[in-house]
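Undergrad: Model the full structure from these sequences, guided by the hints.
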Amino acid sequence: MPFIPHTHADKDSMLETLGIASTEELFDEIPKNIQCDGLPDVPDGISEMSMLRHMAERAHNDTTGICFLGAGCYDHYIPAAVWDIASRGEFLTAYTPYQAEASQGTLQLVYEFQTMLASLTAMDVANASVYDGASALAEAILMAVRVNRKSKSRRVLVPASTHPFYLATVKSIVTHQGIDVEIVPSVDGVTPISDIDLDEAVAVVLQQPNFFGVLEDADSLTTKAHEAGALMIGVVNPMTLALLKPPGDWGDTGADIVCGDGQPLGIPMASGGPSFGFLCTRMAHVRQLPGRIAGRTQDKDGNDGFVLTLQAREQHIRRAKATSNICTNQGLLVTAATIYMTLLGPQGLVEVASACVRNTHLLVDRLTSHPNVTKHFNTPFFHECVLDFGEPADKLQQKFLKHGILGGHPLTGLIEKGEQSMLVCATEARSEQDIERYYEALENG
Amino acid sequence: MPFIPHTHADKDSMLETLGIASTEELFDEIPKNIQCDGLPDVPDGISEMSMLRHMAERAHNDTTGICFLGAGCYDHYIPAAVWDIASRGEFLTAYTPYQAEASQGTLQLVYEFQTMLASLTAMDVANASVYDGASALAEAILMAVRVNRKSKSRRVLVPASTHPFYLATVKSIVTHQGIDVEIVPSVDGVTPISDIDLDEAVAVVLQQPNFFGVLEDADSLTTKAHEAGALMIGVVNPMTLALLKPPGDWGDTGADIVCGDGQPLGIPMASGGPSFGFLCTRMAHVRQLPGRIAGRTQDKDGNDGFVLTLQAREQHIRRAKATSNICTNQGLLVTAATIYMTLLGPQGLVEVASACVRNTHLLVDRLTSHPNVTKHFNTPFFHECVLDFGEPADKLQQKFLKHGILGGHPLTGLIEKGEQSMLVCATEARSEQDIERYYEALENG
Amino acid sequence: MVDTIFEKSRPSRRAAAQRIEGEVAHQLIPEPYRRTSPPALPEVSELQAVRHFTNLARRNFSIDTHFYPLGSCTMKYNPRGAHRAAMQDGFLKRHPLTPTSHSQGVLACLFELQEILQNVTGTAQVCLTPMAGAQGELTGALMIKAYHADNNDHERTEIIVPTAAHGTNPATASMAGLVAKEVEVDADGDVDLESLKRVVSAKTAGVMLTNPSTCAVFERRIQAISDIVHDAGGLLYYDGANLNAILGRARPGDMQFDVLHLNLHKTFATPHGGGGPGAGPVGANERLAPYLPTPMVTKSDDGYRWVDESERPKSIGRLSAFMGNVGILLRAYAYSLLLGGNGMCNVSEYATLNANYLMKRLADAGFHPAYPDRRATHEFAISLRQEAKETGVTAMDFAKRLLDYGFHAPTTYFPLLIPECFLIEPTETETKEELDAFADAMIAILREAQQNPELVKQAPHQQSVGRLDEVHAVRHLDVTAH
Amino acid sequence: MVDTIFEKSRPSRRAAAQRIEGEVAHQLIPEPYRRTSPPALPEVSELQAVRHFTNLARRNFSIDTHFYPLGSCTMKYNPRGAHRAAMQDGFLKRHPLTPTSHSQGVLACLFELQEILQNVTGTAQVCLTPMAGAQGELTGALMIKAYHADNNDHERTEIIVPTAAHGTNPATASMAGLVAKEVEVDADGDVDLESLKRVVSAKTAGVMLTNPSTCAVFERRIQAISDIVHDAGGLLYYDGANLNAILGRARPGDMQFDVLHLNLHKTFATPHGGGGPGAGPVGANERLAPYLPTPMVTKSDDGYRWVDESERPKSIGRLSAFMGNVGILLRAYAYSLLLGGNGMCNVSEYATLNANYLMKRLADAGFHPAYPDRRATHEFAISLRQEAKETGVTAMDFAKRLLDYGFHAPTTYFPLLIPECFLIEPTETETKEELDAFADAMIAILREAQQNPELVKQAPHQQSVGRLDEVHAVRHLDVTAH
Ligand SMILES: Cc1ncc(COP(=O)(O)O)c(C=O)c1O
Ligand SMILES: Cc1ncc(COP(=O)(O)O)c(C=O)c1O
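Chains as they are written, first to last, in this note's numbering: chain D, 917 to 1361; chain R, 917 to 1361; chain F, 903 to 1384; chain S, 903 to 1384.
Please keep in mind that the hints were generated in silico from the structure rather than gathered at the bench. This one's a predicted model, so the numbers in the text were calculated from it and none came from an experiment. The C-beta atom is built at its ideal place from N, Cα and C for all residues, glycine as well. Fair warning: there could be bad hints in the mix.
Stated by the list, open to error - EDC-like cross-link-like pairs, simulated, lysine to aspartate or glutamate; straight-line CA separation at most 16 Å:
(1) S:K1359 x R:D1217
(2) R:K1216 x S:E1356
(3) R:K1216 x S:E1372
(4) R:K1237 x S:E1084
(5) D:K1216 x F:D1338
(6) R:K927 x S:E1335
(7) S:K1262 x R:D928
(8) D:K1291 x D:D1281
(9) F:K1262 x D:E932
Said to hold, decoys possible - Pair ranges (Cβ atoms, derived):
(10) D:A925 x S:A1346: 51 to 61 Å
(11) D:D1310 x S:T1002: 40 to 50 Å
(12) R:K1333 x S:K1216: 29 to 39 Å
(13) R:K1311 x S:T1065: 19 to 29 Å
(14) S:T1200 x R:I1099: 36 to 46 Å
(15) S:T1065 x R:A1200: 30 to 40 Å
(16) D:R1203 x F:K1099: 53 to 63 Å
(17) F:G924 x S:G1268: 49 to 59 Å
(18) R:P1308 x D:D957: 29 to 39 Å
(19) S:E1335 x D:A925: 49 to 59 Å
(20) S:T1065 x R:A1144: 43 to 53 Å
(21) S:E1335 x D:D1115: 36 to 46 Å
(22) S:Q1360 x R:K948: 27 to 37 Å
(23) F:G924 x D:D957: 49 to 59 Å
TA: Encoded structure:
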């Protein structure tokens, strides 16, 4: 009984208090025919030592090499302090701060997080978290439809240059509320803003930089969307906002809703999760924002303190009319991201973003110096770029892996001639030697 | 300036308060001729990311394989909770609990540690820590000489079966106080108790199990020592005391001073340090015990609390007459060991010790089933044993390493024909497959 | 409160060990795309950051520091070993799009976890990707919809939930484009069958039930409910939030549920992280399994691999960018290895023993269990209505005062149908001594309520802040520091 | 206090995930060697253990939670990155007796650290093994003895220490079998040269000095002292506890010191761990280098390797079972990589700026620096004698009251020659705001001492316990729970 503290004496005395002979009696309200006889098909428990040995072997199996994969999940360096602090029991093993007075740590941190994210995106408010970037986009679209009551349509435009898994998630989730997701094809890796028909659209989405790493004309689309009475939803990588114009400043009056995935802010790649999704918006729309929000208030003596606020939006109060069904969110990752942003500060984040841009440009220059390799698009990119390798990307990837290089994301089916293309990425964690090793793998592959 | 928070504005305003133009002036009392111009030979600082990348490569270099080395440092399994808690900032970054009211965490923990160690050794009191097992033995000998005032001699007997590095350390340290360390040769791996001449000895040392893993006749030696007016000093591995008779119960009235290294109690091998040395004794001798001791007391309202006690023994009060010069000790390791002993409990420690004994016996049986391999001594052993391999041990060890086996400690110069012998050890962390892999390495070596 | 991190910020101060060498890359970004003013992130030293967040942490109650009997949340011990297992470099540094050839370690863990959860729930297949209970619910609702659509049964637009249901159930219904229909709960906490029969119709897509229910009693007539709903062509969804009560003792699959989710952050002890993350794997019987989301993990001769829509054409699709909260799944896998099938049976036994014991102690002291004639399950509800009437001290006041006694408060005011409700879930990992201390605190507070009600109404008194004004927070909305 | 872990213990309770499968091995141990009754270790669950020690941790002040200006101890920020670097598996799992062939990683780190420390101190060779400052001192004293013995200079049995010296200095002398002779310090905090000349003789083995001294001022006449001692045939030992003040700005080797230790847990920011571990590497000039302890690390064509007595016949030998506190050495190495030579120079600059600023603020507020005409170094002493006389509030009372203001107290009553002394060392990693807040607290306490002295004398009031009775602790010795 690994974590059960009861001694025989404890059990006996508790049974005695209850006036029963055995714990079996406690289950006498469960109809006999649905009781099962244990879990014979689940092996018996093992010790922590054996479990860790087993899982260490498994983890060891998956050590792959130098990562040039991005595509929505990035190999950034995480300062040691981030997880040392986030793993403290008081952060790790608390739950939703329902009892505010016993949760001031988490609540103040969330308030600070909201401030940072709002500033990063140049929006007024941020929530403290939905599940991930993909589900955040789904929530953003649902929110846009609730907010934009003027619009009678349920037509939402989403560029094909959006992350394909985000697109898939959006489709799974939002179509059930009668929303019509229309994909806008891209041309040369970017969304052709002037060609878009915004008639009757309730909202338009734009990912910046887009899935292919390419910079979109967010200013024009935002202005155009607003002119057409549509809301503008930005999907962003928060790290890039150290250098890129924040969505709050896009076009005429900025995006209306901003969402994205927080993984680049101090969250390990960890097979893609847990990470966290965020949503920011204008104060006018805050009551339609899903997810937890902390607010500053006062205690009975007039001292400042923090509580969960605007809970009337949430399922535990509003039930069927809630802004979302979300309850458990990704709080611990918000904690880590807040510590990360604090340790980096504005200057640190600029340096990380700059190194990512620089390294990816270096990588692209180096790889395209090889006769077989060319850039697929000729557009400005941030820290990801599509390269054509002139041979099947799947096989090439396996060859690279033999040299300890995780070379990129094959784009089969995602762009024209994608079978020979990969989306590559070099973060600040890649060195010039790493890039050179990639080139060598390419030459010797 | 990695960890310096000063902005230009801070610096300027501080200089202004000080009424000086530059920080250079603050150093104007240092004669110019001994000032140096920076540290040109120390390379410039690098980022945490670069440092960790560099040190990860170094650490990776040293990954050796399955450890069958013991000889004073043991590869035990450490429950995950031990270092998660010991690494909390409040334990990691506090110092000696001089301000007791702001250090109740460390002080109560030390008090609990003392209780556990005293119980484990069957002694009355324990200190909370000296540097390591070797220096603990040196301190124990110095202490014995102080305690045993009746004895006019300074003759201390130490068996040759004691850990050779402990012997070396003792020699470096104690001889300067005019103490005469006499080595008692061992016969067949054990100390020949009846042959020992205890005349005028002030103290006798016995390591149990001894360096060769062999069990010594501690009972007889203790009684004999006491009859001769000498103090008995036991050197023990605390983990073994789950199964072995504790020194407090040796012979007639038990050992007088017990020391050893705490590494087996939740401390990583980490190249042999930091670990901690411990010392236990009878209440009558507590004022001669070096090192920190926590005591329970009361606060002004009569509530229980903890303080450092008997500080008059220590250098900061007693100066030249102190029991030892020790100041900074190995507190954090005491913290880890206390958590470790708590998580294991008496039953867990018995299981660990049993598994060590079982595994080493399995290992010895398996290896000696090979025609070239024999036991060097034919005496009962605990979890280490000397095996003769019939070929040079140094070379054999390199062969084993090629198979991922760290095979043992070559005994060149330590026993007769030691060039072909190794001290081997299998802790609870070794599996039957590990042992089988060792055998295969032996066969295929 | 302590100063916010922004008050500690000074222009151009920084944690310089986190610097990255090299030039700012402005020139690589065409001008119209550039940011012109830096974000207002705090500018502090590394020590300031460490000290600030360490001290914030110290202002939280948590399982590691306090008894935390939050009903419906299963705040049991979160093994540090499981955390360690998931925090290994091999797992943390794995990119989600790493080829299968180099992912056999994590895939093996996930595959085995699928199998374990199938066994535990009595379902045919399990998909691990949903990222919390509520996403699991949405998954189930969408699967039910997809099933009916597949059968050209397009009129089934209603989903039935008990009045006592958790808020996520009706909210999920809406999110799935279904209409939540409430069904009454009778005086004993069971679903009222007559009420159920009235609400069931040809429009019924399904029913969502928790069993044990959110009233903290076992739904005894589950068979009858199942028959009524199934006969009407509806499906049964099991909300697994309360699985801790019956782990290894009764399986939802054996109760005729068609689809269900588990809350790994509850039953499988993954840390709650101050609000999350969790994981809400979904299991289904043969009938509904084809609709499970993607990706899932399968095993074939040449190892483990992902399965996506190409092989599962009926799947409702993808619910997250990658594979859900893998890190949490790994912790749950580690936990299930530690417990094993035998250990899981002990969980429900001792969780139930603890709840019944604490309920008895409180009842003996004069408190009022919501369902005095029923067994407690892994948790139980008491109503403080009478105490509130007699002393003016509400359940919320009791909750706040408990903090001063060193206990996190139970869940308050849920389920809504029990007035002045405390939903108390001690979990199996707490000692009898801790339960006794909690009961003693409740008794002491009751005495305070009788003798000095203001003391309790003004509580807490020993926390870093006094009772906080939630109404003020909404009226004077202050959600960012700038 | 909270209950001790023993009060939480119950017979046969345990943290069962820590079980090891298999039989108890009694039969493998001959009967006379067996233990017959189990040790009284606590029997608790894993949650109880985690909760107990987590809550104990929360009762500590520490650098990570509080300003901790403990003079002579250099309580600066301990970088988490350095801790992470040393806690890597490759380092943690290395057995100390692993062959050199498989230890090149750690050996390279240690070798480079030796080189860095040689550079930093201006010495010819450094040995890393001493495990704290005091062991470094003993090492130095033994080396001095060995040197004189080697020169057949057997009468040199005395070692000179200033009256203000740290207690470890005279204690070390005794441990080395030398006699500590005190030398006076003058009114400005410098060693009194006349006094020195009187005490120096043909019996002088050497002198032990800290510079800056424990009076927290720089010993200006170091050259003269060196000449006097060297001329008399004695050697100079440098106690490196205060190196933070002059890092990268003045090197002990350049001041004619023959042998010295560093405190890596001070100057090189390795965590103090609630009392330790530390590391006290010893450096020596060409004359004394042959006597350095073993093992040391050297580099040759085929890599790094250990050097032992066989190659260093004059060595004083071994001071620990293996290689000292390697884990701490790795942290110090990481720290020195982070700082680099340039960063080290900043350390002394800002440590000194902080100390001088805080001294000025306190002096301006009416407090009395012990050496008002001297520069502060990285620390400074104030005397509260006058305040004590006027208000009856002692330095200890001030110290206890500071805790209530959220500051760890400075070092009190050291050096002994300064009455009612506070030795205050802010370190370079604290902000100006923190220093200002500390100064404000001191001013506020002074006002309290004047207006309501009992408040201060009864302090602390806001800690987990009130003022503890140390005399009671000695009189009623209670050092184990059983
Ligand atoms: C009964 C019940 N159902 C569903 C949920 C939702 O689960 P989650 O918070 O993981 O989304 C909860 C969570 O508290 C619950 O208690
Ligand atoms: C001046 C001085 N010398 C020596 C020491 C002893 O160093 P350690 O505590 O590392 O043994 C100290 C420690 O505080 C000190 O301040």
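Undergrad: Now tell me if each hint is right for this structure.
TA: Structure-based check of all given hints:
Under the criterion of a C-alpha separation no larger than 16 Å, the hint pairing S:K1359 with R:D1217 is consistent with the structure, at around 14 Å. As the CA atoms of R:K1216 and S:E1356 are separated by approximately 13 Å, the hinted pair is consistent with the 16 Å bound. Note on R:K1216 and S:E1372: the hinted pairing holds, with a Cα-Cα distance of about 11 Å set against a maximum of 16 Å. Distance restraint check for R:K1237 and S:E1084: the Cα-Cα separation of roughly 14 Å lies within the 16 Å cut-off, and the hinted pair is therefore satisfied.
About 31 Å separates the Cα atoms of D:K1216 and F:D1338, which puts this hinted pair outside 16 Å; it is violated. This hinted pair checks out: R:K927 and S:E1335 have alpha carbons roughly 12 Å apart, not beyond 16 Å. Distance restraint check for S:K1262 and R:D928: the Cα-Cα separation of roughly 15 Å lies within the 16 Å cut-off, and the hinted pair is therefore satisfied. Among the hinted pairs, D:K1291 with D:D1281 is consistent with the structure: their alpha-carbon atoms are about 9 Å apart, no more than 16 Å.
Restraint check for F:K1262 and D:E932: satisfied, since their Cα atoms lie roughly 11 Å apart, inside the 16 Å limit. Between D:A925 and S:A1346 the CB atoms are about 54 Å apart, so this pair conforms to the stated range of 51 to 61 Å. For D:D1310 paired with S:T1002, a C-beta distance near 44 Å keeps the hint of 40 to 50 Å intact. With their beta carbons about 31 Å apart, R:K1333 and S:K1216 fall inside the hinted range of 29 to 39 Å.
For the hinted restraint 19 to 29 Å between R:K1311 and S:T1065, the CB-CB distance of approximately 59 Å leaves it violated. Taking 36 to 46 Å as the suggested C-beta distance range, the pair S:T1200 and R:I1099 does not conform, at roughly 30 Å. Separation of S:T1065 from R:A1200 is about 35 Å and conforms to the stated range, judged on CB atoms against 30 to 40 Å. Checked against the hint of 53 to 63 Å, the C-beta distance between D:R1203 and F:K1099 comes to roughly 39 Å, which is inconsistent with it.
Separation of F:G924 from S:G1268 is about 50 Å and conforms to the stated range, judged on CB atoms against 49 to 59 Å. Look at R:P1308 against D:D957: about 53 Å separates their beta carbons, and that is not inside 29 to 39 Å. Between S:E1335 and D:A925 the C-beta distance comes to about 55 Å, which sits within the given range of 49 to 59 Å. For the pair S:T1065 and R:A1144, the beta carbons lie near 44 Å from each other, so the given range of 43 to 53 Å is met.
For S:E1335 paired with D:D1115, a C-beta distance near 57 Å fails the hint of 36 to 46 Å. Restraint check, S:Q1360 to R:K948: a C-beta distance of roughly 51 Å breaks the suggested window 27 to 37 Å. Take F:G924 and D:D957: their Cβ atoms lie about 56 Å apart, and the range 49 to 59 Å holds.
Violated hints for the displayed structure, listed by number in ascending order: 5, 13, 14, 16, 18, 21 and 22.
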